[in-house]
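*Asks:* What follows is each chain in one-letter form.
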Amino acid sequence: MDSPSAQPVPQDPPQQRRSAPQRRVAITAACLGLVVVVAVVDYLTGVDLSVSLLYLVPVCWCSWSAGRRAGVLVAAASAEAWLTAVLLDGAPIQHPWVLVCNTLTLGGIFTLVATLMATLQGTQAVLEAKVVTRTAKLGREVAERRWAEAQLRQAHAELQRTQMQLIEAAKMEAVGRLAAGVAHEVKNPLMTLGMGTDYFLQRRASSSDEATLLQDMKDAVHRATGIIDLMLDFSKPRPLRLAPEDLNAIAESALGLLRLQLLKQHIEVRRLLDPALPQLPLDRTRIEHVLVNLFTNAVQAMPEGGTLTVRSAFQQAAGTDDSPAVILEVEDSGPGIPHEHLPKVFEPFYTTKPPGQGTGLGLAIVHRILQIHGGSIALGNRPDGGARATLTFNLHPQPPPP
Amino acid sequence: MKRILIIDDEASITRSVKLNLEALGAYEVYQENDPRTAVHTAREVRPDLILLDVMMPDLDGGEVAAELQKTPGLQHVPIIFLTAIVSNEETQGREASIGGHDFLAKPVDLDVLVNTIESHLED
Ligand SMILES: Nc1ncnc2c1ncn2[C@@H]1O[C@H](COP(=O)(O)OP(=O)(O)OP(=O)(O)O)[C@@H](O)[C@H]1O
Ligand SMILES: [Mg+2]
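Those sequence lines, one after another, are chains V and U.
Just so we're aligned, residue 7 is where the first sequence starts under the working numbering, counting upward by one.
Just so we're aligned, residue -15 is where the second sequence starts under the working numbering, counting upward by one.
No wet-lab data here; the hints were simulated from the structure.
Heads up, the beta-carbon is just placed ideally off N, CA and C, and yes, glycines get one too.
Take the hints with a grain of salt, since some may be wrong.
As the list claims (entries may be wrong) - Here are the in silico distance ranges between beta carbons for each label pair:
1) 102/U with 225/V: 24 to 34 Å
2) 355/V with 41/U: 24 to 34 Å
3) 3/U with 353/V: 34 to 44 Å
4) 102/U with 245/V: 28 to 38 Å
5) 54/U with 360/V: 38 to 48 Å
6) 9/U with 245/V: 52 to 62 Å
7) 41/U with 353/V: 51 to 61 Å
8) 353/V with 56/U: 47 to 57 Å
9) 102/U with 219/V: 25 to 35 Å
What the hints assert, rightly or not - EDC-like cross-link-like pairs, simulated, lysine to aspartate or glutamate; straight-line CA separation at most 16 Å:
10) 224/V with 12/U
11) -14/U with 42/U
12) -14/U with 93/U
13) -14/U with 18/U
14) 224/V with 93/U
15) 2/U with 93/U
Stated by the list, open to error - One-sided and incomplete, this derived list gives chain V residues near chain U with beta-carbon spacing under 10 Å:
16) 52
17) 185
18) 194
19) 195
20) 198
21) 199
22) 202
23) 204
24) 220
25) 224
26) 228
27) 235
28) 242
29) 246
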């Protein structure tokens, strides 16, 4: 589990902090310079009170920007400069102590202003710092909460997945028990029927009607057996026999099995097979079974002919968790699958075909076989009509659910 | 004439198999419907081959086979299991065997049954 990424706390870059004393010195020097300028102006204008107030400008500036000590220094310098300007002005001084008093008063006022300014600035700095820390803390809290939420969501999704798997496993177990029970109860009577039919088939039938009837009975036994077998294989698949296989080659042999059907129905086969497919660990017989089922569905969807497209490709990030995967697509030019049917097509015994033509187990078995291979299947419609089945084989298969 | 013993709890099955095999004229078939007396019957019949149902009440096919295997004179009698709860797909290929014995999925076609019996009687 990854921890919440630490929120950067906004603060002055270290370089700027290191040059702060220098900055203070520079400001102090500039302010002292300004004091001299004001003093010169003061002297030239004959030491006027309104000009004397200009001394407050460098005092304020300095104490605000360079701190109290620099401010007091500039305040003292200002008082000193004022005194100098007065003395240089050369006006007759009646009472030297008044001059001293004035200097001290001015110096006092300047210092007071400097102190006030510095205090004000300090308060603001503290406030600002507080705001910065609060913002940082808030940011951290928000990030933490987001992370916790993401964790929760993930845990929830995992829980849901596990639950689905458990339900699936329970369902499969129930289906398995049911299948075994049904198999036992149905296949034993079928054995009697089959043997009985065989007995009469062995003796020469007295009429062709009788022979036909017997053969029909035999076929009926086979059909019923086939359905039970499908159910058994679906519920209790035999262990996979995995070997490195070329998916393209399996697709070819599955197409080969349907050659006659494809010819009869005037179905054109388009092969868009990627020659550079990596080999996959597959149970060849069962993947062939999967493809025969899908091709059969496609063929049955195109009774008037059409195009069957088989496309394979290697994709870097198509698999589970964006892992590399091999994709195989089977497309037809039939009517496609109505939107409202899509969620049901993988259900066992779901079929829209007339009785006797479809068991509705085809796609359920396909789904199951892919599942135990650690792959997946999606069924949808092409934008320009027709159905499309997309098989995904993870290159590094996930362990199949129990 | 080769002697074949068929053990299955369903009489209709043993009967139909017996009639079929005997109609071929090459076998003498004995039937047994109670797994608990199967070994006793086998000792009396001394069959050349045994057809044995897997799912039976009281004693299943595996247990009966184990008993037979312990009985002097019956150790080398080939056994073909018949079972209803596997699919045909599972019975195909060489690995389709229980404890070294062949097995066939019910319902079994007569020609498949005869072929399997013959292949065991040959060797
Ligand atoms: N290529 C397709 N085009 C249109 N509909 C399809 C296609 N493939 C499947 N379907 C629909 O999905 C249903 C279920 O398919 P599935 O293969 O499971 O059973 P089925 O084909 O009806 O019977 P079975 O495969 O046992 O012969 C079909 O009855 C059909 O309605
Ligand atoms: Mg189908």
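*Asks:* For each hint, tell me whether it holds in the structure or not.
*Replies:* Verification of the hints:
1. 102/U with 225/V: 24 to 34 Å: Since residue 102/U and residue 225/V have Cβ atoms about 25 Å apart, the given range 24 to 34 Å holds.
2. 355/V with 41/U: 24 to 34 Å: Given a distance of about 31 Å, which is inside 24 to 34 Å, the answer is holds.
3. 3/U with 353/V: 34 to 44 Å: holds (43 Å)
4. 102/U with 245/V: 28 to 38 Å: holds (30 Å)
5. 54/U with 360/V: 38 to 48 Å: violated (55 Å)
6. 9/U with 245/V: 52 to 62 Å: violated (42 Å)
7. 41/U with 353/V: 51 to 61 Å: violated (35 Å)
8. 353/V with 56/U: 47 to 57 Å: holds (55 Å)
9. 102/U with 219/V: 25 to 35 Å: Because 29 Å falls inside the window, the suggested range holds.
10. 224/V with 12/U: This hinted pair is violated, its Cα atoms lying about 25 Å apart.
11. -14/U with 42/U: violated (29 Å)
12. -14/U with 93/U: Outside the cut-off at roughly 20 Å; violated.
13. -14/U with 18/U: violated (22 Å)
14. 224/V with 93/U: Satisfied, since the Cα-Cα distance of roughly 9 Å is no more than 16 Å.
15. 2/U with 93/U: holds (14 Å)
16. 52: Hint violated; residue 52/V Cβ to chain U Cβ min 120 Å, cut 10 Å.
17. 185: holds (8 Å)
18. 194: holds (5 Å)
19. 195: holds (8 Å)
20. 198: holds (4 Å)
21. 199: holds (7 Å)
22. 202: OK, holds: residue 202/V within 10 Å of chain U, min 5 Å.
23. 204: Interface hint status for residue 204/V: holds (4 Å vs cutoff 10 Å).
24. 220: Given a least distance of 12 Å, the restraint on residue 220/V is violated.
25. 224: Given a least distance of 8 Å, the restraint on residue 224/V holds.
26. 228: holds (9 Å)
27. 235: It holds, given that the least Cβ distance between residue 235/V and chain U is near 4 Å, below 10 Å.
28. 242: Holds. Min distance 9 Å.
29. 246: violated (13 Å)
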